[in-house]
Amino acid sequence: MQKALSQARRAFVLGEVPVGAVIVRNGKIIARAHNERETKQNPVRHAELTVIDKAAQKLHSWRLLDCALYVTLEPCAMCAGAIVLARIPRVVYAAADPKAGACGSVFNILAEPKLNHRPEVVRGLLADEAGQLLKDFFRAARK
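To convert, count from 1 in the sequence shown and add 5; that's my numbering.
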């Protein structure tokens, strides 16, 4: 999660909402990303979607069966859908998102029994640090 936080800090410097993500396979980071919606002017450039894309390219497979996703903010519905489609077995997130979180806060897509894949979800790892980074970003944006 520290490496995901480093990605979130990079996003902060770029004026992006500070969300970072990494994908780990066999104990090694295989992909890193941060939000790029403002930089790329693209609504789907969330950290999770970008890191999933990078990992799939690296592995030459859309199935990320033996990977874990670490992300600094609870995934939204779009990103949760991509996690299910990529078959990622484990998701670890830091801060909950009470406005758009789709891993239990607003929706619980990752636990939906009608879907064919339900990853293990670990909540709250380094939540204070991730939450503070988000608070600092939005406080500065409101000035």
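No wet-lab data here; the hints were simulated from the structure. All of these numbers come straight from a predicted model, not from anything done at the bench. From the three backbone atoms N, C-alpha and C, an ideal C-beta is built for every residue, glycine too. Where hints are given, some of them may not hold.
Unchecked claim - With a cut-off of at most 27 angstroms between alpha-carbon atoms, the simulated BS3-like pairs for lysine-lysine come out as follows:
hint, residue 1, residue 2
1, Lys8, Lys45
2, Lys104, Lys8
3, Lys119, Lys148
4, Lys63, Lys104
5, Lys45, Lys140
6, Lys33, Lys63
7, Lys140, Lys8
8, Lys59, Lys45
9, Lys104, Lys33
10, Lys8, Lys59
11, Lys119, Lys140
12, Lys140, Lys63
Unchecked claim - Across the chosen pairs, the derived CB separations fall in these ranges:
hint, residue 1, residue 2, range
13, Val49, Leu120, 36 to 42 angstroms
14, Gln62, Asp141, 14 to 20 angstroms
15, Gly129, Gln62, 29 to 35 angstroms
16, Asn113, Val49, 27 to 33 angstroms
17, Gly20, Pro118, 38 to 44 angstroms
18, Ser66, Lys8, 19 to 25 angstroms
19, Arg30, Lys140, 30 to 36 angstroms
20, Leu70, Phe143, 20 to 26 angstroms
21, Lys148, Lys63, 24 to 30 angstroms
22, Pro118, Thr44, 19 to 25 angstroms
Hint-by-hint comparison with the structure:
no.: 1; hint: Lys8 with Lys45; verdict: 22 angstroms, holds
no.: 2; hint: Lys104 with Lys8; verdict: 25 angstroms, holds
no.: 3; hint: Lys119 with Lys148; verdict: 44 angstroms, violated
no.: 4; hint: Lys63 with Lys104; verdict: 33 angstroms, violated
no.: 5; hint: Lys45 with Lys140; verdict: 23 angstroms, holds
no.: 6; hint: Lys33 with Lys63; verdict: 13 angstroms, holds
no.: 7; hint: Lys140 with Lys8; verdict: 19 angstroms, holds
no.: 8; hint: Lys59 with Lys45; verdict: 16 angstroms, holds
no.: 9; hint: Lys104 with Lys33; verdict: 32 angstroms, violated
no.: 10; hint: Lys8 with Lys59; verdict: 16 angstroms, holds
no.: 11; hint: Lys119 with Lys140; verdict: 35 angstroms, violated
no.: 12; hint: Lys140 with Lys63; verdict: 33 angstroms, violated
no.: 13; hint: Val49 with Leu120: 36 to 42 angstroms; verdict: 20 angstroms, violated
no.: 14; hint: Gln62 with Asp141: 14 to 20 angstroms; verdict: 32 angstroms, violated
no.: 15; hint: Gly129 with Gln62: 29 to 35 angstroms; verdict: 30 angstroms, holds
no.: 16; hint: Asn113 with Val49: 27 to 33 angstroms; verdict: 22 angstroms, violated
no.: 17; hint: Gly20 with Pro118: 38 to 44 angstroms; verdict: 40 angstroms, holds
no.: 18; hint: Ser66 with Lys8: 19 to 25 angstroms; verdict: 22 angstroms, holds
no.: 19; hint: Arg30 with Lys140: 30 to 36 angstroms; verdict: 32 angstroms, holds
no.: 20; hint: Leu70 with Phe143: 20 to 26 angstroms; verdict: 36 angstroms, violated
no.: 21; hint: Lys148 with Lys63: 24 to 30 angstroms; verdict: 39 angstroms, violated
no.: 22; hint: Pro118 with Thr44: 19 to 25 angstroms; verdict: 37 angstroms, violated
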